[in-house]
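We have chain A already, so just place chain B on it with the hints.
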Amino acid sequence: MFKEYIKPALLSFLALTIIAGVIYPFFITVIAQTLLSNQANGSLIYRNGKVVGSSLIGQAFDDPKYLWGRISATSPMYNAAASSGSNIGPSNPALIDEINGRIKALKAVDPDNANPIPVDLVTSSASGLDPHISLAAADYQVPRISKHRGITESVVKEVIQKNTTGRFLGLIGEPVVNVLKVNLDLDAYKK
Amino acid sequence: MNWDNFIQISIYLIVLLLAAKPLGTFMAHIYEGRPAGLNVWFASFEKWIYRVCGVRAEAGMTWKKYAVCVMLFNVLGLVVVYALQRLQSFLPFNPMAMPSVSPDSSFNTAVSFATNTNWQGYGGESTMSYLTQMLALTVQNFVSAATGMAVLVALIRGFIQKQTRTLGNFWVDLVRSTLYILMPLAIIMSLVLVSQGVVQTFKPSVTAALVQPMKDGAGKTVTQQTIAVGPAASQIAIKQLGTNGGGFFNANSAHPFENPTPLSNFLEMLSLLLIPAALCYTFGFMVRDRRQGWVLLAAMLIIFIPCLWGSVHFEQKGNLLFDKLGIDQRASVFQPGGNMEGKEARFGIANSALWSVATASASNGSVNSMHDSFMPLGGMIAMWLIQLGEVIFGGVGSGLYGLIAFMIVAVFIAGLMIGRTPEYLGKKIEAYEMKMASLVAFIPHVFILIPTALAVLIPAGKVGMLNPGAHGFSEVLYAFSSASGNNGSAFAGLSVNTLFYNTALGLAMFFCRYWLIIPMLAIAGSLSAKKIVPVSSGTLPTHTPLFAFFLAMVVLIVGALAFFPALALGPIVEHLMMSRI
Chain A
649 MFKEYIKPAL LSFLALTIIA GVIYPFFITV IAQTLLSNQA NGSLIYRNGK
699 VVGSSLIGQA FDDPKYLWGR ISATSPMYNA AASSGSNIGP SNPALIDEIN
749 GRIKALKAVD PDNANPIPVD LVTSSASGLD PHISLAAADY QVPRISKHRG
799 ITESVVKEVI QKNTTGRFLG LIGEPVVNVL KVNLDLDAYK K
Chain B
2 MNWDNFIQIS IYLIVLLLAA KPLGTFMAHI YEGRPAGLNV WFASFEKWIY
52 RVCGVRAEAG MTWKKYAVCV MLFNVLGLVV VYALQRLQSF LPFNPMAMPS
102 VSPDSSFNTA VSFATNTNWQ GYGGESTMSY LTQMLALTVQ NFVSAATGMA
152 VLVALIRGFI QKQTRTLGNF WVDLVRSTLY ILMPLAIIMS LVLVSQGVVQ
202 TFKPSVTAAL VQPMKDGAGK TVTQQTIAVG PAASQIAIKQ LGTNGGGFFN
252 ANSAHPFENP TPLSNFLEML SLLLIPAALC YTFGFMVRDR RQGWVLLAAM
302 LIIFIPCLWG SVHFEQKGNL LFDKLGIDQR ASVFQPGGNM EGKEARFGIA
352 NSALWSVATA SASNGSVNSM HDSFMPLGGM IAMWLIQLGE VIFGGVGSGL
402 YGLIAFMIVA VFIAGLMIGR TPEYLGKKIE AYEMKMASLV AFIPHVFILI
452 PTALAVLIPA GKVGMLNPGA HGFSEVLYAF SSASGNNGSA FAGLSVNTLF
502 YNTALGLAMF FCRYWLIIPM LAIAGSLSAK KIVPVSSGTL PTHTPLFAFF
552 LAMVVLIVGA LAFFPALALG PIVEHLMMSR I
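The listed protein sequences correspond, in order, to chains A and B. Take our numbering: the last position of the first sequence gets the number 839, and nothing is skipped along the way. Take our numbering: the last position of the second sequence gets the number 582, and nothing is skipped along the way.
Honestly, the hints are just simulated from the structure, not real lab data. Zero decoy hints are in this set.
Partner residues aside, some chain B positions facing chain A, computed with beta carbon under 7 angstroms: (1) Val56; (2) Leu136; (3) His256; (4) Pro261; (5) Ala346.
This structure is a prediction, so every number in the text was calculated from the model and none was measured. Ideal placement from N, C-alpha and C gives every residue a C-beta, glycine not left out.
Excised from the complex, chain A in its bound form:
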């Protein structure tokens, strides 16, 4: 029994644990840290030597002079230590409340804007950390940002354009705007 069954079970488990649980992750970590250390450590953005965020992790914005991102269901918003979606179902009244709350907030700071609001601007992302919004959602906010910053709309559009990523090979994925990068660039813009 021991020699036929238990010994091979125990030892092959141990061997595979060492290969898959120790050698493999350490090997990948060493290569990643050597060749791709920026990405492997979280694609961090530095300003004056301090970390101000990650280009892959969104941050919450509700000041009218900033571009706003998706709604985040984490607590507090954009909590990158506890990712989560809202998990609210499509017929749940809480979904309508959430959307109405966002619409109200958007209208309050931009009452003249009568355009229909792009859907991704009023819905929660899956991770609660979505760093992006659609081109339509960015475009919707241009007049507001321009007014509150006292810069022309074309400047705002230029900054948005600069931080837009297209589809991979022009085919795969969706074109998106990186919210945090736009806001860092807006703050850095000298009139």
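Frame of chain A, contents of chain B only:
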């Protein structure tokens, strides 16, 4: 379906099917012990492992011995994963000082990872130390997948051998699957994922100063963001390839550190179905009739493609309730539109719906969007694909042996219809095989429907629902479907980290994995002992398009009959109520 969606989905399917033949051939070579590069270069290493472990590689095992070894190895894995979680606060590689995990959650997660389910009752970045993620979870990602592949290979040997009592050696099949198939693919995938931005580090979380300080729910000002990192890429690569699905982070592949770009998303989706699709070719190669492999793959696609179309359609159509609020959800060059609740902007509708259909059919269970927030019928498609028994692609190995069980049922029914003795690949299908195949088809039904009924009757089950009404019922039904199908995805609004759900779902996962493996191995043993009947004019051909269609219908009818009443109470009624408003 709009043009952009159509193109993206077509590219995906084409690449997937193109990869099936080369990878399928490679795997067949590995299992048949023919030289195929890797197994030549690492032959002495492989032999060394067997020597050290006391494995007699050339000694075959009867189906019973094979089954005992599968069970021993898996129970051992289960115990170790449980122990590592319970003890993690005392162990190294725990930079965020995570406390040990509770007993019921540890039990659930241990069963979940050993059975290739990877149900996440916990939040990865807030629960597990780096050591637990690597030594417990990553290891099980490999070996639970390799277990499924080993059982499949034993079953295939049952078809090709004549009057033989043994099915090969479990340890050899296990080691070869891990070393030559899963490991090389995982290494390549991990490195490509890191290049896209998936994190891979042993350092603790990073603190960033927020650009705009915010008030939190309690009115306190938050000025910093804690960004969880860790050795994620190495785990994500294998969780996709091995149809495991347990993410490093709570939001799984929706998390930007787990799936940052459209390219990473494409590759993760590809690896999700890659091995299950290629194994069909391996099957055809090994039984020396490749058409038999294509028939199985075709039967899968006959169900998969309409489901995919449906999911994209319902998600792109969006939520009627949004229209009344003056929201623009039409697709255009500026936005994907559609039901974007619980979806990431970079994936839009096509990649979210495609992923959900792929992950549900493949028994993977990773998600890049939140299924709980899908439209009722979009969510139902995912749930139903799981309920079909995880045989449309299905888990690596397990999906194909499950589909072969349905094939046995199909051959039997066809035989009854035309009055011929049922045969498959020259093996007579008799009462014993039928009994075992029926067990494989029906055991998951029992473990989905009965616990769901129980959970909605008792307070411990009802208290976990997040959404009201029919959708809450769907959450519970999805949970037990997912556990029994060894899938692992969820309508994640349901709070499952409770004593009741951890235990009930844990038991469902356990029985639906091993109570299917054992009858499958019994079939393999019985077939292996039989003669091969030569093909004659009385043989029903199983390699035709007609038979692929017939097989798909058998899978559909069994699944539809069992679950239609339950689905009517959940997603269907929700859909009808929503379209009435």
